[in-house]
Each structure stands twice: as C-alpha cells, then as structure tokens.
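Peer 1: What follows is the residue order along each chain.
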Amino acid sequence: MATDVDARTQSARPLPEAELERMLYLLMLSRYFDERTEALYRQGRLPGAIYSGRGQEGTHVGVVFPLRPQDSLFPTHRDLSAQLAKGLDLKRVMAQFWGRIDGYTRGRDGNSHIGDWFGSRTWTVMSHLPIAYPVACGAALAYQRRGQDTVAMGICGDGATSNGRWHEALNTSAIHRLPVVWVVNNNQFAYSTPNPLEFGVPTIAERADAYGMPGVRVDGGNVLEVYAAAKEAVDRARSGEGPTLIESVSLRWRGHAGHDPAKYVPKELLDEYMASHDPVANFQDWMLAEGLVDQDGIAQLDSRIQREFEEGYEFAQSSPYPEPEDATKGLWVEDGYWTSEPGRGGPTEAP
Amino acid sequence: MTATQKVEAGAAGHGAEPRGKRTEDGQATYLIAIAEALWEEMERDERVYCLGEDIGAYGGAFKVTEGFIERFGPERVMDTPIAEETIVGLAIGSAMEGMRPVAEFQYADFMSSGFDMITTALARVHYRSGVPLPVVLRGPSGGYVRASSFHSTNPEPWYAHAGGIKVICPAFPSDAKGLMKSAIRDDNPCMVLEHKWIYRRVKEHVPEDPDFLVPIGKADVKREGTDVSVITYGALVHKTLEAAEALERRGMSIEVVDLRTVYPLDEEAILRSIEKTSRALVVSESYRYAGIGAEVSATIAQRAFEHLDAPVERLSPPNMPIPFSPTLEDAFLPQVSDIEAAVERLSAW
Amino acid sequence: MTTVQMPQLGETIIEGTILSWLKSEGDTVTRDEPLFEISTDKVDTEVPSPVAGTVSKILVAAGETVPVGTALMEIAEEGEAAEGAGGSGSASAQTPDGRQAPGASESPSPAAASTEPGASESPSSGTAPAQQAPAQTQVPAPATAAAAAAASGGGAVAEMRERGPRSKILSPLVRRLASEHGIDLDTVEGTGAGGRITKHDVMAAIERGPAPAPAAGPPAAVGAAPAGVAPQAVPTPAAPSGAAEEVVPMSHIRRAIATHMVASLQTTARAWTMVEVNVEPLVRLRADAKESFVQKYGAKLTYLPFVVRATCDALLEYPMVNAELRGEDVVVRRFVNMGIAVSYDEGLIVPVIRRAETMNVPGLAQSIADLAVRAREHRLQPDEVQGATFTITNPGPYGSVASVPIINQPNAGILSLDAIQQRPVVVDDAIAIRHMVFVSMSWDHRVIDGELATRFLARVKHNLETWDFSSEVGR
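Residue numbers (the numbering used here), protein chains in the order written: chain A, 1 to 351; chain B, 1001 to 1349; chain C, 2001 to 2475.
Quick caveat, the hints were computed from the structure, so don't treat them as lab data. Misleading hints may appear alongside valid ones.
[Said to hold, decoys possible] Once the Cα atoms are required to be at most 27 Å apart in a straight line, the calculated DSS-like pairs of lysine-lysine come out as: (1) B:Lys1276 to C:Lys2199; (2) C:Lys2199 to B:Lys1222; (3) B:Lys1218 to A:Lys329.
[Stated by the list, open to error] Here's a subset of chain B near chain A, in silico, CB distances under 10 Å, partners left out: (4) Leu1051; (5) Val1125; (6) Gly1130; (7) Leu1265.
We put the beta carbon where it would ideally sit given N, CA and C, even for glycine.
Chain A with its partners taken away, still in its complex shape:
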C-alpha cells in the first residue's frame, strides 16, 4: 500500500524534511564557497591562502549535524564547511578571509583559521596538527566534571594521526571516558603524503581498539552514512559512554592549499571519486529520488547560495581593516579589547 510504503520510506529518513533540506543547502553552500573562493584566489583577489575541502563536504556536514548548539567543535583549516554547518555566519566568514575587522578574529588570523567560540562553540583553528585534540579533551573534561550532557568533537585529517598529540588525546579520552567524538577526515593525502606513508595499519579506524574505544569507518561520499555514525557516537558520548573514533573516507579533490596542483593524486582516483563519491551530487540525487526536492528547488537553492555569497562578499569588502594600533591590543584580558567593540577607523581599501 502507498501509505505503508510512504511510512516505511519516511521512517527510513534519518532526519525531518526541513533538516534534510538544510543539509542539502549546507552541502551546496560548501561546494559553491569552495569553488568561488578558489576562483577569486586564482584571480589574485583573495589574500592569503585557501585550503579546499572540496569532495569532503559529506564528512564535514555529516559529523556536525548531530551536534547541539552548546556542543563544541575543534576542527582544522580544512573543515570550514563543518564550521558553516555548526552555524558560522557566511558574511563574517568572508570578512575574515579578507582580513577585515568584522571577521571572527578581528583580523588576527585569516581564511579558514577561524572559529566562533562565543557563538557557535567552535575552536579558532590553529595550523599545528592536531593541536586542538588535547584541547577537546579539556573541554570534554569540563563537561564531565560538571555533569553536563555536552559533547566535544574533534576533526583532524589522516596526516594528523601521525602526530603524538593525536595518540595522547585518544588515550587520555579513553582513560577518563570523556564525552568526545574523534573524527578523522581521511581524504587520503596529507599534503602530498598518501595513507601508506602515514600509518602502518590499513585503516585508521582499527586503531581505536588500541586505545580502548569503538572505531568506525564510513564513506565520506555518503553524507547520511556519515551522519548515522556521528549520531551514534555523539549519543554515546552524551550518555557517558566515552569517546568514539570515526574515520570518514573521501578524497581531497584539490591541492593541500590553493597553490598546490596536487599532481601526486592519481588521475584515475580523482576521476573515480568525482564521478561516484561526490557527496553533494550524491545527496542531491538522493533528495531528488526521495522527492524531497526537485530541480526547481535545487535551482532556487543555487540562486540563494549565489546571492548569499555575493552579499557576503560585499559585506567583506565594505568592512574596514583593523586599526593599526589594534595590533598590540587584546593580548591580556584586562585591556578589554575583546569585550568591547573594535575600532572601525581602518581603511576599506587594501593597503
């Protein structure tokens, strides 16, 4: 019967319709943002560096989706999509890219070295990897001490799993059963280094056993699969059962950074992933198949995203640069720089 089928189909949906639409929007936004900023970068109109997350949007959006607003996220430079999913304002993200005062770091850092602790509970990204992992332990420790059902989530790349800190953090979180979810965005290349040169085991997920926590490996091209694993891990953490390791596999479609042509990625691999592991296309297809969206709807989403990007770009360009005197402010809490409005007397043209 149609109703039964509908009911079955509906109960197979992991999320309410509105949430699924939001998921699609975030995937498409992430992809568009990545493409446009790369274009601007190549045109010399974007200062600094870009770190493309193209092809990994399934991981980024999927793991963040189960988080609540007060849960904390500790990402890396490649996980801007995760931060957008967590709630960062596109306008202020773009102001950050252009080094303006309205950026989240007030110009103290640029591009995806971004975070919004006071708003969306995300760590302001640092370059050293995975410097945020031990910090995530600390946040989780606080939640545990206070008996809060808040969860911390750390995202890092496959390369960062070679670093001692990664192992320390997993180890410590297991000792104390900290409410934390460890996500590894395995896009198979750490800059130019492929997986086999980064770790001696076939998968990252199987290391979880060694530390005393469950590990799961998912297909980063399937956002719903990622979401499902993340949801389970978050729920475990929230209920006091300790950490989980999620290895989400995808491919890094672009270079490590904007300057990197990534010729070390075998062409066949790239072609295959772009063809059949594109998380945005895959989810679009699924949404279309489920009847949750039609082509018109996708087109509308396209326009909306384009418009939002343009508005964000305009916002960024019209936001002033920080005042030079601000350079030495804000080191100590007592100077009050961060608890007051910043000076807006800087120029709006690039110096």
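For this one, chain A is given, so just place chains B and C on it according to the hints.
Peer 2: Just chains B and C, lined up with the frame of chain A:
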C-alpha cells in the same frame, strides 16, 4: 563554594593540610607556602582544580599536593598520563569552558614536551579569539642541586618570549604564596616557576589571610643600597643577599631588586633603583644569550642611559646544558663570589 | 656643503678639543676667518674656515674631545641653502675687518704686560712670582712624557689634561649632571679608575657651588700683580666662596703648566749659575737706535735680540748646553731653535725661533715681536711651540733682579735675563755707575757640569759686553 575544612594543626603528616606543616613558630617554607596557596584557592573557588603527573595519591614528586586528594577528591586533583601536550590541552580546553586549571609539571624541564601547546595554543588563544584562559602552569625549575641538565632547567626566557603568558619566578615564601594566588585568580595564562633550591631552604612568616595577594608584574626591593643595583630573581636573590652582607663588610652598599615576575617586567622599579645608584648588575640563572638578563640589561641601557655611571653588567651562565659534577655545576652557575666580584668590578669602573 | 673636520695639528696628534665655537649656526663666515678654537697637546689655536659661506650646522659641542677627522661643522657655501640658517649676522663680536677677537681672552694683549712702554713686546709674564721664572707650557715631548707620565701608563700619546688614560671617558650620567648644573668637566678632578670622572666627582663639584665660566677670562691677577708678589696659589676647591675669597678653577693650560713644571723639577738635576753683565754700551746703543729701528724694521728694539744673539754664539761654542737627554743618549745640536718664554692670558707659552743662530738683531726683533703678539692672540701654529733646543726667559722688565727658572724640558738649560739696573761698580779702582744685569741659567746637571755651565755663561757675558751691535741696529 564549600565550607572551609578545620585546620589540622601539628606536624606534617599524610593528610594534613599545608598550614599544618608550618614550623613550631609558624613559619612556612617556600614549598609549604605554595601548597597553602593552592589549597586556599581550591577552597575558595570550586572551579580551581589541579592536574599533573603523580599529584594525586602520591602527593606530587615534591609533595606539594600532599593531602590534597583526600580533601578535594580525584576529580580536582587529577593524575594525568605522561603526556605534557595533553596536560596543557586539558588545561586549555577546560579553561575555555570556565574551569580554572592549575597544571603541574613534575619538573619545569618537562614543560618543553608540551612546548607547542604552551607557546602556540595557550599563549595565542585570547589574542585571536577573545576567549580567556585562566590557566596556571607550575613546576620546579633551577639548579644548584646537582640534578644535571634535565632537572635544572630555567625555561623562563622561552615562555616569556611567547608573549601571552605571565611568567613568575618568586624567591621568598610570602611572595610565592601571594603570587600563586594572584596567578590562579588571573584570567590570563600564568606560569609559576618555583625554584627547587628554595623549596625547603627558605622559610619565613607567611600571611594567613586567604586573600593575601602579591601583584603580578611588580618587583620588590629586598635590600636597599646606594652603590650598585643588582637586579635578579629566583635562587639568585638569596645568593645576592648573601653577597650583599659580605660586600657591606667591605664598605660597599648594594641594592637588591627582586624581579618576582620576569614577564611582564617591572621596568619602573628597575629604573628607580638605577636612578639611585647609577650602576646596574643583572644576575640571572637563565642563559646569557637571549636570557632574562639580556632583556633587563637592554631595558636599563635604553631607558636609564642618562643615569648610568658605568656600563650595565650581566652575570649569567653560558648557553649550554647544566653539568652534573659539583665542580662543573659550581663553575657553571653564578655563585656568591661571582656576584661579589662583579659588584666590585662595577664599582671600580 | 663643506664639512669642517677636526684637523691634525701635529704628527702625533690623534684628537683635539673644541675650546669654543667662534661662529654659531646661521653666521656668515669668510674664507680663512676663524671658526673655532681647539686645544691639542701642543697648542691652543684657532682654526680658520676653508670656505666662505654660512654656518649650517655645528656637530660637536664646545668642550668635547674628538678624534682627528671628526666632522665638526657644516658650512653652506655661498649660493647653497644653509640648513636652519637664521641670518647672516654673527653672534660673536667682530672687529671691522671680520677677524674675530680671541674669545677666551678678555684683556687686550698689549695691556697684559706691565706699564713699561718698551715692555709690551716683552715676553715675560706680569704674574711671574719673583722667585720663580715661568717655564714653558709646552707639553713634554715623548721623552718627558715617558719619564714623567709613567704612572699613568700613558704611551706616546700625551693626554690633554695629563690625568690618566680614562680621564676623557664621560659616562652619560656624568655628562647629564654636568650639563644640568653648569659644571665644566675640565675643572673636575677624576677619582675613578684611570682618572675617570665619576658621578661622585661631579656631585662633589656641584656641592662645592657653581663654577665660573671655564677659561673665559684670565685669573684676576694677570696683568695686575706687581713684581715680587708672592706666588699665586692655585685655589683649593674645598673652601666655599665668600666676599673675601674667590675660587678660580684651573684652566686646562694652567693644569698643563703645573704638570710640566713639576715634571721638569722631578726629572732634571737642576742647578743654577749666575753672572753679572755690564750692559752700559748696550743700553746706550739701544737708546740711540730705538726710534729709527722701529721705523725701519717695524718692530720695537728690546734687549732680548741682543741676548739671543749672544746666547746663540755661546750655544754653538758649547753645544752640550744646546743638548737634550734622550734615554741614555745626549743629543747635541749645532743649530739653535730658541724658545722665548711669553706670558699671556692663559699663562705661559714658549714660541720658538727656528734657526735663531742664522738671524741678526732686526730679524730676531721682528720674530720675537711677531711670536709674542700671536701668542697672546692664540694664533700660534703647533710647530711654532715645539722643538726648542734652548730657552730664554725675561722677567727683567717686571723688576726681578735674579730668578731661578725651571728648565723647559727637554732642554739642558734655560737662561734668565733679569732687570737692568744702574749699580755702583768698581771700574779701574774707582766706583762708577753702570747699567748692570744679572744673567743666570738653570741647567741640568745630568747633562752638563758646573764648569761648562759657568764657561757658557761667561761667554754670553763676554759677547754682550764686547760685541759691537751698532751695525746690526742700523747705527
């Protein structure tokens, strides 16, 4: 806030609170004074907690936290694995969520195992995001105890250089107590380097007022004098005071300025002293090249130029590992006789 | 833009001190016009401008000692723009022909000497104590420096103030205190290592009270003391100034003189011999010739040229008196560079007539007059105050009848010409009144002995008493 536990007076013993470990006449050693500070601040504010290696059941390698776990429980006196990066990371993350961690490093030497977390993360979070990190890192530093290079390090220049961490090096028990309390109450990252040579060697009457604070960033004149200003900190304050006695018998009067905090520097106090004496000797246990002495000397040369009747002199060890054998260590680190000789040289210039 | 540098006034000179600037920023200056006064080991002198133009910038302050070659001043030449030039007026007094009167000298040079008309060219000092003839202010040559300055460890470079190798090191504090309290560091004794002026020294100077302007004027007694006045004591700094007592700090020249006097006495084995000379013929000759002489030769005729002539002859006859002790060697000369002691506002200086044995009375008269004038005007060149092989001093015009001078190192002797007086003498068993004069010599017993010294003086006496100078003076 929990009610204050009744003070258990009497001799030291397992489970007694630090104040019970004072001498018969009520003096506290430098170590006990630090323990008192930690205890009082943990009683005062439940957000304050300690973490580090062997600080719980064992009471800490130097027994600073002896008795703490019985009073405050394992969650607030947390034993960590040997994972210095994680210790700092835990401190940062929990501080971001409103706790006030005090992380112990068994020896200050091991802070460098967490160097990245300290200098890259801890020192920079607030500047880049406005998130306060009320973190205290503490540990025993310094030499003169025949402990060789991995247990005698003076790391203050490295962490002062990071910019974003207040680096505190007290020399006297009262200062140690008041500064530790100030550090714990400070919303910025603070590092308190407790000179191990002083731990049990120096005692004095230490205030019992639980709100007794010594301001961070303020030096203190430990001995007034007229001929030469000796600017120093840590164990060398005591050696300088000893030199001062000998010098006075020979008719020379030195003023001993105890920096107490090495970053930020109390430039005004230093300048006031130079204005008085016109001669400056900077004595520092951190290495000569790019050490604390270098910074103080440059500041004096730049800001007190017109008050100087002689060049600024520095006394510091060379940039080398601290050796073990007594003859080597004694030759390596500044001694009382070295300070006397330097003062005499400076006076005769 | 022309940069004026510290000149090297002498082969061994490595530095000089700016005594005073004669021009200020904004003043115009003509070529060769004096720009500033400097002091070196050898001499104080003015340095003339190499170009005409406007003083654009003064780079070194008065009182500073800088190495040879240091840029001192910038002059914008005519046609260039001068930085910060305030105008073409000169801040200091100028004589009509644009030449700057010596800034440091307050008393006009002719009046510095006694009131005796013929004595204006006399090189002797009016302040000379009766008992002590002035010796030269010349800085000792290396031999003396080695002997007398051994304690300070000084090498071949003679110090300006002879105080030790670190006497010129002024710490920032010392400079500032001196500047704030108007202390002339020239007047402060350094008690620090190597003679360094320390903070304590400056503080003590401040507590002593404000110092008068440095070397600005001669000590009060110049030109005013009559003969026979007791030796003028160097004022001690400890006593506070009151109405009856004045504290006059030593100028650097004074200090140099003091040092050299002491060094001479400590080094030489000084003995003294005197002869009495009958100069009746000379007196008459001079009285007769002096008017035409001055008209013909442009210089006043005093007794000094005669004495120089007579002495040169004696020196060539007894060259050991014209000798110099260098180490273990006696260097005997067969030429005479005659030092003539001249008193001036700063004290004493001994200009030198080179190859005096080749000059006649008119030449000597002119040379002596020229040197005396220029000495008083601080315009002597360094090589004009060095190299004397023998020295003559003439305190006679001020009235002393006999003097015991201090040898001008490194000479072997110094001759004193005292007052010519009419005395009763025995002539052919009768008493006659004759013009007589005591001529004496302090001599170094290390180099010569009494017999030689006496013979030498006897020769001088003989020359003066028997020579006929009339042809030389144009009679």
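Peer 1: Enumerate the violated hints, using their earlier numbering and listing them in ascending order.
Peer 2: Hint 7 is the one this structure does not satisfy, whereas the remaining hints hold.
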